[in-house]
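Build the full structure now, drawing on both the sequences and the hints.
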Amino acid sequence: MSAAVNRAALLVLAAALLAVPQFLPLLNAGFWTNVVTEILIWSLLATSVNLLFGYVGLLSFGQALYFGFGMYGAALAVTHWNAGFWGGTLAGIVAATLMAVVAGVLAVRLTWHYFAIITVVFSLIFYFAAMSAKPITGGDDGLSFSAPPVFDAFGLKLTLADTVTQYYVVLGLTALCYGLLWLILRSPLGLRFEAVRENDRRARLIGINVYLCRLTAFILAGAVAGLAGALFAFFGRYASASYMFYHVSGEATVWAIVGGVGTLLGPLFGTALLIVFRELVSTVWENYLFAVGALTVLVVMFAPRGLAGLWSDGLAKLSGRSASQPDPQAGAAEAPR
Amino acid sequence: MTIDKPGTKNAKSRNTKSRNLTRRSFLETALAGGAAYVSLAHDMSAFAQAGGSIVIGHHCELTGGFSSWGYWHNKCALAAVKAINDQGGIAGRRVELVTEDTESNPATGTRKLRSLVQRNNAAFIVGSVHSGVMLASIPVATELKTVYFSSGEATEATGEKGTRYSFRTGTDTYGLAAAGAPWAFQNLGKTWTIISPDYAWGHSHYKEHKAIIEKLGGKVHDPIFVPLDAKDLVPYLTKIPQDTEVLFSVFFGALSVAFYTQAKSMGLEKTMKMYSVAGTIEAIAPADLKGAAEGVYIVENFPRMLKYKDDAFHRDYLKAIATDDVHGREAGSDKVNAKSHSWQSWENLFALKAAIEKSGWKTKKDDQGVIEALEGLEMANSLGHAQGSKLLRKEDHSGIIDCYISRVENDELHVKKTVSRTEMAQMMPVRFDLSKQPL
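Quick note, the sequences are listed as chains P and L, same order.
By the numbering used here, the letter at position 50 of the first sequence is numbered 50, and the numbering carries on one by one without gaps.
By the numbering used here, the letter at position 383 of the second sequence is numbered 720, and the numbering carries on one by one without gaps.
Hints listed in this document are in silico derivations from the structure and should not be mistaken for laboratory results.
Predicted, not measured: the structure shown is a model, and the values here were computed from it.
Heads up, simulated EDC-like pairs for lysine to aspartate or glutamate below, C-alpha to C-alpha not over 20 Å straight-line:
1. P/Lys134 to L/Asp535
2. L/Lys701 to P/Asp162
3. L/Lys753 to L/Glu631
4. L/Lys773 to L/Glu732
5. P/Lys134 to L/Glu497
6. P/Lys134 to L/Asp566
7. L/Lys646 to L/Asp748
8. L/Lys607 to L/Glu746
9. L/Lys646 to L/Glu760
10. L/Lys753 to L/Asp648
11. L/Lys773 to L/Glu480
12. L/Lys556 to L/Glu582
13. L/Lys672 to L/Asp748
14. L/Lys646 to L/Glu746
15. L/Lys498 to L/Glu732
16. L/Lys702 to P/Asp162
17. L/Lys644 to L/Glu667
18. L/Lys644 to L/Asp661
19. L/Lys527 to L/Asp580
20. L/Lys731 to L/Asp704
21. L/Lys754 to L/Asp647
22. P/Lys157 to L/Glu480
23. L/Lys482 to P/Asp162
24. P/Lys134 to L/Asp559
Not everything, but these chain P residues come out facing chain L in the computed CB check (under 10 Å):
25. Asn34
26. Phe128
27. Gly139
28. Asp140
29. Phe232
30. Arg237
31. Thr283
For glycine and all other residues, C-beta sits at the position ideal for the given N, C-alpha and C.
Have a look at this one:
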């Protein structure tokens, strides 16, 4: 039953996301289309944290580094090489992926707090390097640029200046990314990730190359964070080294935990909850981060498996199963785990 | 509120109605209600644009590194809106000010700018004093086709990164160099070193001052740029070359305090003249530095002491923002006015009032008229322009104003030289013509 409900919920979510640019302006709330765009982008960064923490058991506080490389890859490709939107996005992903290869080769040799510390250290090193390399990165001021058209042929020109176009481009790329991850996590590689997360010694005994598994997940997470960074650079028409700082990684970790780690769509829900909360509270109270912190504490205390956990517990109760019993046919919101 | 007892006529009637509620009638009612809401929302929006209040956004540093300045920008903007509304508003319409905090962060600033325009329907923006926020915001404001007044000093805002939509009534680094550098070169020394924070404002000051000093035949050493998060300036102060005659410092907030106190403890003022711009002493009282700023020369945009521009407009302005006329302190607190910059948040609203009324602006589609009215706008010395008469130059959208070179003596800023707007304009020929850009 819960698999069918999950599938129906997924369809409702997809329909709702598709309807956002049409529906919100009718309520005189067109600005919220941009907020949903931002949620989609940031959810990718939370997903990159989730891929490592939820599926391979590595808690990274350095994903902002790959986000920053994605931003600068896109911004520099557009400003210096006239790369266009798609070229810039690709440049962002490639830059972040290469950085993830370099950092990952060293970082995934470690686990637990040692791994967390080395990811922070990498993030700080490149944050300060980017701040110092002002002629290239713009340092504290960052780089602002005009976004190139997304499509310009046959007399049709689509630009990100149009909120609706921007939304659908981001939604398409985000959905593509989630779809690919869903395929990967259901594949034998995904099962290997889970085996490593659950017990790396046993995984090694049955012939799984644990180091290679962790490295693959690390590079994959870097590429996802890079896509998020490239999209955010186009969204803000701006790239800044400040996005490489570890507090950005911390925020992404909070979004993933609040949404539910080890679930594909959990980070999307966590990001949505906290960004909507921020948008509502920050207009009336400039110290809104206190409230965000309190909300996070409440979710962690009363729903330790996050929003996705709440959802699956509710479904389990409805179908008469114990919340701890796995549903063999669980759908996309909860599984793969 | 009334409560119907069970069994009464009203209650029975309601029960009958609820029994008659079908899925179809529920959907019809819900759709009708939704349609009515949407229609009402559209009507209210149209009213607000065409004949209701005029919404002006304030893009302000309420928190973060520039919060000590942002407090005053916010205070001045609120006071200006009150003064304008007390006088009957703009073209008979009430002004509504919506403020968003940029958090002194360029990325947050661009997000908040979109929020002001797209969420709060702000028609115009009086904007940021943080150069990084300002430069990141101008492309967004231009994309949103919204007039954006900035009060940061990086010259790019009305130069290579300026657009038809970006304006600034105050000075930029180009203007401050034009106003102060020739006098300082003649009176303080010919060999200069600049020390500043490593971001747009400091870089821009270095570039503009270097150009003028070298043109006058002086020498400018390599700049010393300090990271924004530095606490200890001694490693940077020790890099200042021995032959420096003029040390030109550009800092703000906590870095200013660190600079003055650490430079004093090293005795730098004994071997070189200390010269600066008002930003370095904004929101800081020399008395609070315990003599560390004594003898420093500072280019002010608006004299801190009333007696150096003593007129009724200046007095009334100080009264409106509750600031004393010697030290610039707020009545009832220790806060010191960021006076050389915050006046722009007051005056920009009056400049907009003049342009809106001159052009007959009614809605966003009339923005071209406002932009054309702002280009070349002459502002007379008045309560609305208490800093003094000024010109918003047509070509580069820059404010041409009187400036004041002051010296800290006995913890007070005493004006030594007034640089008239005519002298300033002569020293800063037009370099960019933004007025030819299409809208």
